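Residues per chain are reported as follows:
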Amino acid sequence: MKFPIYLDNHATTPMDPRVLESMIPYFTEKFGNAASRNHAFGWEAEEGVETARKQIAKLIHADAKEIVFTSGATESNNLALKGVVEMYHEKGDHIITSSTEHRAVLDTAKTLETKRGVKVTYLPVDKFGMVNPEDVRQAITDKTILISVMFANNEIGTINPIKAIGKIAKEKGILFHCDATQGVGKVPVDVQEMGIDLMSFSAHKMYGPKGIGALYVRKKNPRVRIAAQMDGGGHERGMRSGTLPVPLIVGFGKACELCEQEMAADAARLSVMRDRLHDTITKALEDVYLNGHPTERLPHNLNISFAYVEGESLLMGCKEIALSSGSACTSATLEPSYVLRALGVGAELAHSSIRFGLGRFTLDEEVDYAAKKIIETVTKLREMSPLYEMAKEGIDLKSVSWAAH
Amino acid sequence: MAYSEKVVDHFNNPRNVGSFKKEEDGVGTGIVGAPECGDVMKLQIKVQNDTIVDAKFKTFGCGSAIASSSLATEWLKGKTVEEAGKIKNTDIVQELNLPPVKIHCSVLAEDAIKAALADYQKKADPK
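Residue numbers (our numbering), protein chains in the order written: chain A, 875 to 1279; chain B, -7 to 119.
Note that these hints are calculated values from the structure, not bench results.
If you're wondering where the values come from, they're calculated on a predicted model, not measured in any experiment.
Please note that a few of the clues may not be correct.
[Unchecked claim] Some but not every residue of chain B turned toward chain A, in silico, with C-beta under 8 Å:
1) 9
2) 24
3) 45
4) 91
[Stated by the list, open to error] Heads up, simulated DMTMM-like pairs for lysine to aspartate or glutamate below, C-alpha to C-alpha not over 25 Å straight-line:
5) A:1193 - A:1110
6) B:-2 - A:1257
7) B:14 - A:1267
8) A:876 - A:890
9) A:1193 - B:1
10) B:38 - A:1263
[Said to hold, decoys possible] Calculated from the model, a selection of chain A residues having no Cβ within reach of chain B, i.e. all distances over 12 Å:
11) 892
12) 912
13) 925
14) 998
15) 1097
16) 1138
17) 1158
18) 1185
19) 1186
20) 1256
21) 1272
No residue lacks a Cβ here, since even glycine has one placed at the ideal position from N, Cα and C.
With these hints in hand, go ahead and build the complete structure from the sequences.
Structural data, given as C-alpha cells:
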C-alpha cells in the first residue's frame, strides 16, 4: 500500500493512464489549431476534437453538435445561467435553483440577482438533501425562464429526481439546466430520457485532465440558444470563443469512452467497498450519522458525522489519508458546510462531518486501512472531547447554555 | 494548511488530557466555546497554597485548539494563581506559531484559563 491514500475523488480524480496516452500525440506531433481549415495540421487536430465530441456525446446520449467545450464545469454553469438570462430576458426574469447547488451555480445566481435584477428562488431540500419536484412546480411563475438543479451533490452524493424535474420543465415550457459534474461518468446520465436542456460537466471528475469541461446545449425540442459570455473567433458555434485545447479535449473524449465501458463495473465495485467502509465504522463506533440519502446516492460517496469530534482534528489525525470535512476550520469562509446546514444537520454535526470519495483506482486494502485509522482516531479524540465526557455523564448537550463566540 | 511542528507535537502527544472532579477542593474548572462554533475547551486547575500543582484539559476542536489547550496546561503547572492570570493568548500564538485564521484558538485558551481561575477563586472565597 502506498501513502498517502487518496479518498477525495469528489474534489478531483487522478487521470487514467489510458487517457494520458491518448493525449500525448496532440502536444508535439498533432499540435495544429483545430480552427485552421487550410492545412493538414488543422485537419488532424479537428479530427481529434470531433472524435472526442462524439465520445462525450455518446456517454450522455446527446448529439456531437450539442457539445460546447469550456474550461470546466464552473465556466459551463456560468455560461448556462448567464447565457440563458441574457438570451431570454424578454421572456422573463425568474430562475429556480436549489439551496445545495455548487457555489458555481449559487454565486452565479447571486450575481444575476444583484447585477441584472433577476429573481431567484432557492428551493429547500429534504433531510436527505433531495429537491422535491413538486416544489419546483409550485415555484414556477409566468416569468420563469430557467430551472437549474444539480444531478448529484458534491458533498453528500444525494442524487436528485432529475427525470421528474425535467418532465415538469417540459410541461411548462421552461428550460432545464443540470449541473451533472459529479454524476457524469459515475452513473448513467441520459439527457433525452431525463429531459435536460443544458448540462454542465467536467473531465477531471471522471479520470480526465483538468482545464476542460463541456456544456451540453440542446439543439432540438426545443432548440436552446444562449448568449456567449466570451467574445472572439466565434468557436463552438459562436457560444464560446477561444482556441480549443486539443490535447485536453482528446483526453476528455477518451475519459468518456472509458467511463461508458467501465462505469457499471466501477459503480458496482465501489458501492460494495463504500458500504463495507460504512459498516465497519458504524459497528465500531457509536453516534455516527450518515449525511445524505441512504440509497439515492452516488455509489462512491460516503459522508458521515462523528459526534463529539471536530472534523479538522480528525483529518489531522488521519493525515496519511486524503479526505474532506464540512468543518468550518477546513473552509475558507470559517462557516460549516452550507449543504449540511440545508439538510437540517446541526452546526455541531456539520463540524464533525467527513466526506469519503472512492474512485476507479481505490483498493480494498486502502479502504480497510482508512476504516481502521478513522476508528482509532475518533476513539482517541473522543477521549479528549469534553462533549463526549458530558454525553457519557448523561448531560443533554442541547440543554447547556454555551457562550457562542 | 501546514501546521507548525509544535502544533503537530501537541496534537499527537497531548499533555495532561483528563478531568478532575469539579467538586474537589482547590479545583477550578473553565468551560468555554460552543459546539456549534466548532470548539469547546474544558480546562481545570488544582491549586494548593496558591500554586497550581496540576492542570488538565479536554478539547473539542481543531488541531490548533487542542494544541493551545495542551500547551496552556503545561504552562499553568507550577505557576501561582496570579502568574497564571498573566498568560496571554499572544504568548500561545508565538509559541505554537499559529497562523492568523487560528488566533481564535489561542483566545479561547486564554478565556479557558481565566474561567478556570475565576471558578477556583469563587469556590475559595464564596461571597
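Verification of the supplied hints:
1. With a cut of 8 Å, the hint placing residue 9 of chain B at the interface with chain A holds, because the nearest CB-to-CB distance is about 5 Å.
2. Interface restraint check: residue 24 of chain B against chain A, minimum CB-CB distance 6 Å, threshold 8 Å, status holds.
3. Because the closest C-beta pair between residue 45 of chain B and chain A is about 22 Å apart, greater than 8 Å, the hint is violated.
4. Taking 8 Å as the C-beta contact cut-off toward chain A, the hint placing residue 91 of chain B at the interface is violated, the least distance being around 11 Å.
5. Distance check on the hinted pair: residue 1193 of chain A and residue 1110 of chain A sit about 43 Å apart at the alpha-carbon level, beyond 25 Å; violated.
6. Simply put, residue -2 of chain B and residue 1257 of chain A have alpha-carbon atoms about 21 Å apart, close enough for the 25 Å limit, and the pair holds.
7. The suggested pairing of residue 14 of chain B with residue 1267 of chain A holds, with an alpha-carbon distance near 13 Å, which does not exceed 25 Å.
8. A distance of roughly 17 Å separates the Cα atoms of residue 876 of chain A and residue 890 of chain A; the hinted pair therefore holds under the 25 Å criterion.
9. For the proposed pair residue 1193 of chain A and residue 1 of chain B, the alpha carbon gap of about 14 Å is at most 25 Å, so the pair holds.
10. Distance hint between residue 38 of chain B and residue 1263 of chain A is fulfilled; the C-alpha atoms sit about 19 Å from each other, no more than 25 Å.
11. Every beta carbon of chain B lies more than 12 Å from that of residue 892 of chain A, the smallest distance being close to 34 Å; the non-interface claim holds.
12. With a least CB separation of 52 Å from chain B, residue 912 of chain A remains clear of the 12 Å interface cut-off, as annotated.
13. No Cβ of chain B comes within 12 Å of the Cβ of residue 925 of chain A; the nearest lies about 42 Å off, and the non-interface call holds.
14. For residue 998 of chain A, the shortest C-beta to C-beta distance to chain B comes to about 20 Å, beyond the 12 Å cut-off, and the non-interface label holds.
15. The claim that residue 1097 of chain A is not at the interface with chain B holds, since no C-beta of that chain comes within 12 Å of its own (minimum 48 Å).
16. The non-interface label for residue 1138 of chain A is consistent with chain B: the shortest C-beta to C-beta separation is roughly 39 Å, beyond 12 Å.
17. For residue 1158 of chain A, the shortest C-beta to C-beta distance to chain B comes to about 20 Å, beyond the 12 Å cut-off, and the non-interface label holds.
18. The beta carbon of residue 1185 of chain A is not kept farther than 12 Å from every beta carbon of chain B, the shortest such distance being approximately 8 Å.
19. With a cut of 12 Å on Cβ distances, residue 1186 of chain A falls inside the contact zone with chain B, its closest approach being about 4 Å.
20. Look at residue 1256 of chain A: its CB is around 9 Å from the nearest CB on chain B, not clear of 12 Å, so calling it non-interface is violated.
21. Once the 12 Å rule is applied to beta carbons, residue 1272 of chain A is inconsistent with being away from chain B; the minimum gap is 9 Å.
The structure fails hints 3, 4, 5, 18, 19, 20, 21 (numbered hints given earlier, in ascending order).
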